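Trainee: When you get a sec, could you build the whole thing from the sequences and use the hints?
Protein chains: 2
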Amino acid sequence: MGVMKEYRVAVVGATGMVGRTFLKVLEEYQLPVKEYVLMASKRSAGSKMTFFGREYEVQELTQTSFDSGFDIALFSAGGSTSAKFAPIAAAKGCVVIDNSSQWRMDPNVPLVVPQVNPQDIAWHNGIIANPNCSTIQAMLPLKALQERYGIKRVVYSTYQAVSGAGRKGWDDLENGVRGFVDGQERPLEKFQHPIFNNCLPHIDVFQENGYTKEETKMIEETRKILGDPQMRVTATTVRVPVFNSHSESINVELEKPFELPELREVLARQDGIVIQDDPAKDVYPLAVNATGHDEVFVGRIRRDESVESGVNLWVVADNIRKGAASNAVQIAQRLIAMWNQQ
Amino acid sequence: MGVMKEYRVAVVGATGMVGRTFLKVLEEYQLPVKEYVLMASKRSAGSKMTFFGREYEVQELTQTSFDSGFDIALFSAGGSTSAKFAPIAAAKGCVVIDNSSQWRMDPNVPLVVPQVNPQDIAWHNGIIANPNCSTIQAMLPLKALQERYGIKRVVYSTYQAVSGAGRKGWDDLENGVRGFVDGQERPLEKFQHPIFNNCLPHIDVFQENGYTKEETKMIEETRKILGDPQMRVTATTVRVPVFNSHSESINVELEKPFELPELREVLARQDGIVIQDDPAKDVYPLAVNATGHDEVFVGRIRRDESVESGVNLWVVADNIRKGAASNAVQIAQRLIAMWNQQ
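In the order they appear, the protein sequences are chains W and G. Numbering-wise, this note's numbering puts 8 at position 8 of the first sequence, and it's gapless, one number per residue. Offset between the second sequence (1-based) and this note's numbering: plus 1000.
A few of these clues could be false.
Simulated crosslink set (DSS-like; lysine-lysine; CA at most 30 Å straight-line) [what the hints assert, rightly or not]: (1) K1034(G) - K1092(G); (2) K281(W) - K1213(G); (3) K1281(G) - K152(W); (4) K1281(G) - K168(W); (5) K152(W) - K1005(G); (6) K1281(G) - K190(W); (7) K84(W) - K42(W); (8) K1168(G) - K1084(G); (9) K1281(G) - K213(W); (10) K84(W) - K152(W).
Hint data in this document are derived by calculation from the structure and do not stem from the laboratory. Predicted model only: the values in this text are computed from it and were never measured.
Mentor: In structure tokens:
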């Protein structure tokens, strides 16, 4: 019964939209941390942020930032920053939990949803990747179904919020809303087409095969997290005029036959899922209700009669919390628990 | 070479949101009509509407409305009105083109998208049904694919506009937009939950099997129009905060193998389709661009590698025009052409 160790944690990219949610979630989760250091690029360094009730000055992220010894660094600063600085931090013995797409498909980097594949945290080599927001929320129901019935094929169609496109994406929707009311058109900052009053089948960049990078991420990350490199998955990812929380229509073909009541039980038992499925009372997952929560909400659970063992699901989660900050903090939480057990 | 016959046409339900679009579309299509009579329920009877540049007084729809001899009646007045008055009109020798769901699945009533199954117009027994909006736009690409490759299975996920829920649905979104800007919350008139800043996986009423009636309509109507009663189809239908034009993510498994360039050609040759598919230039179908048009816009055409012969499509159309009024007027146009050839 020694003294519980307390850790030193860096938050890199603290001033961005997701970074601010990281701070909020860290305040809520109360990890055993003795010191936090907030870091950002030169442009944001020096700015002041309130965190745990006191003022923090954001430090500039440099080659020597991790020399003073950190246990964990939560990175949410974009792919190029992660590419450059995550290996530097890792080389100094700090475990990086990275929210960018930079390391996700690296075979030496585990890609983790703590309720789904916590065992993958153990084999990290200094970097643990946080999956894409639209992938994370799908993993909880799919993992539960995979374990009990096996998965033959998944068809995703997403309804993704603008918060996933950062502050400028949010502003494009808010400016569209205001322009509708006051008649003054504002220029778009982020999207190629108006997002207000529109659905954009275009998230991240297009690739040679006609898929967007977002669609490819969903397909590849699903296979990696569920540990089935050949899993049959396809995706159409769409930005909708919703500020926060992604919704997903997921069609799943299972390997084994199922009874619907048991399948519901299987989903309900999955850690991190809340079932909202009472059509008679107009109860189903909704973006406005998911916002601010860390659970993944699952409803519209019904048999797809067009295949032997098919099921349709409607899955909603806060893409900035469970889809980014909370999932990363939950990884840190499990990592610390692992250390404390050693 | 006789004189081209001119017809007498009734427009029933002229004062509703879709009814007004019927009038607009009729003005554009210039059918060989010698007289239009606008009809509506007692509540709206007596109101004045401008049509073809002159003022029409809306007549009350009664048991004897069709006694004076009509060739065609365009009904857009809801299921119960159609249930009661369509047979009365038909008994008087008038052909009813009905926009409600009342007669669609009646085996004695053809369900028609003119570019898809015009031959079905010929066997009418006095009533021709106009399909559900979300079904109509999917039929054009699916018919083209069915003819060339055969269809094994279809998975629909829809992104449906509030105009499909009528004036009150539109108002719920507009009030939500205004409330966001001025901070004053307005009560909902149509939807069970806020549609502004939200996606509602609930269109029409829920049924015993957990599907909404909208989803069941899409499944059953697809089978009827494509003439394949066993076709494997599933659907998740979702209301999104868009004023007009439905978008659809359609995943199709084909019977035969295909080459993507040829499949694109097959779609492009289909009457009524416009291909918008140039990702490098950010060109894909969008609700804001489809509004006001009668074509069905198809893009994001790409191979689904998760099955042997799969393809993903993004399909957008004006749900009030092609999804309702224009499709019905196009049926009338073909019916008249058929009569003129006899």
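Trainee: Each hint should be assessed against the structure and marked as holding or not.
Mentor: Structure-based check of all given hints:
1. With a C-alpha separation of about 19 Å, the suggested pair K1034(G) and K1092(G) falls inside the 30 Å cut-off, and the hint holds.
2. At most 30 Å may separate the alpha-carbon atoms for a hinted pair to count; K281(W) and K1213(G) meet this at roughly 16 Å.
3. Under the criterion of a C-alpha separation no larger than 30 Å, the hint pairing K1281(G) with K152(W) is inconsistent with the structure, at around 35 Å.
4. Restraint check: the Cα-Cα separation between K1281(G) and K168(W) comes to about 21 Å, which is no more than 30 Å; the hinted pair holds.
5. The straight-line distance between the Cα atoms of K152(W) and K1005(G) is roughly 59 Å, outside the 30 Å bound, and the hint therefore fails.
6. Of the pairs offered as hints, the one joining K1281(G) and K190(W) holds, with about 16 Å between alpha carbons and a cut-off of 30 Å not exceeded.
7. Pair hint K84(W) plus K42(W) holds up; C-alpha atoms about 15 Å apart against a cutoff of 30 Å.
8. A C-alpha spacing of about 25 Å is found between K1168(G) and K1084(G), which places the hinted pair at or below 30 Å, so the restraint holds.
9. Under the criterion of a C-alpha separation no larger than 30 Å, the hint pairing K1281(G) with K213(W) is consistent with the structure, at around 16 Å.
10. A hinted pair counts as satisfied when its Cα atoms are at most 30 Å apart, and K84(W) with K152(W) does not qualify at roughly 38 Å.
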